[in-house]
Amino acid sequence: MKKIKDQNVRLYNGVEMPLIGAGFWLVPNEIAGRVTKDALSLGYRMLDTAQGYGNELGIGEMLESLNIKRENVFITSKILAEIKNYKDAKESILESLKKLRVDYIDLMLIHAPRPWDEMSECKYNYFKENLEVWKAMTECYNDGLIRAIGVSNFSVDDLKNIMDNSSIKPMVNQVCFNPHNRPLELIKFCQDNDIAFEAYSPLEHGTAKDSKKVLEIAKKYNVSFAQVCLKYVLSHGTIAIPKATSIDHLRNNLELDFDIDKEDLASLDK
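Residues -8 to 261 in my numbering are what the sequence shown lists, from first letter to last.
Quick caveat, the hints were computed from the structure, so don't treat them as lab data. As the structure is a prediction and not an experimental result, all values here were calculated from the model. One thing to keep in mind: the hints can contain errors.
Computed list of lysine to aspartate or glutamate pairs in EDC-like fashion (alpha-carbon distance at most 16 Å, straight line) [to be verified]:
#1 K261 to E176
#2 K(-4) to E7
#3 K81 to E130
#4 K(-7) to E7
#5 K(-4) to E246
#6 K151 to E176
#7 K160 to D183
#8 K78 to E120
Have a look at the derived ranges for each label pair, beta carbon to beta carbon [what the hints assert, rightly or not]:
#9 S226 to Y115: 35 to 41 Å
#10 K261 to Y3: 29 to 35 Å
#11 Y115 to K204: 36 to 42 Å
#12 S111 to L17: 15 to 21 Å
#13 D108 to S56: 32 to 38 Å
#14 L175 to E207: 19 to 25 Å
#15 G135 to K204: 43 to 49 Å
#16 Y95 to K261: 39 to 45 Å
#17 G228 to I159: 21 to 27 Å
#18 C167 to E82: 26 to 32 Å
#19 N184 to S226: 16 to 22 Å
Each residue gets a CB set at the ideal place from its N, CA and C atoms; glycine is no exception.
Required output: the full structure, derived from the provided sequences and hints.
Below, the structure is given as structure tokens:
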């Protein structure tokens, strides 16, 4: 069986997306290049960034300097959550292409269904505005500037809005998923509708190491808390993008050639 780092998920449009990637949230631009180089040297094939992360430029500069084959790296970026109109969305995609120094982006997502300062209280759903952003994305997709398009932090209702009003439905929904944040009904909806589910923050920003249950299981299998969390989200058929900046942590997140039994996985579900 292939190692985790070599496994792919086939999106409904036929694009092959790596099962695990390197997340770049809160990675400063000044070290993003070094993290990119380290990740690729260890065998990562997917880099997950966003316009809001402020590190597309650092990633792009390193990719250009390494002179690696473009098809060997799967790049994800995300349109700012605050952008909710066609014109700005289209311009932002072109700007991301420029910063990343690539001719196409493998996966582009709407970062959130609402601006971040409105995510905790859903006073307005932005259904109409998200369709404007989606229109810009589908045009870039049809023009070959993006290989796959999707969303992030979208609920079932947010997904249905696009599914009911566009000929192209999201190919991916990227949502926080870990042992203490388990959107299992949303995962099932996505999988039932052939939308790949991608787990961000699978390590709970590192706080999973404070979980008694996670540590018990880690001790049982002689692995790290991070490896337990990653095996947990992968067991649900999701894609994972753990964030790490040290080469040791990047390496550890790929060393997943062990199995957690069904009883222990079920205990994490609870």
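Checklist line | Violating hint indices (sorted, rising) | finding: Those not satisfied: there are none.
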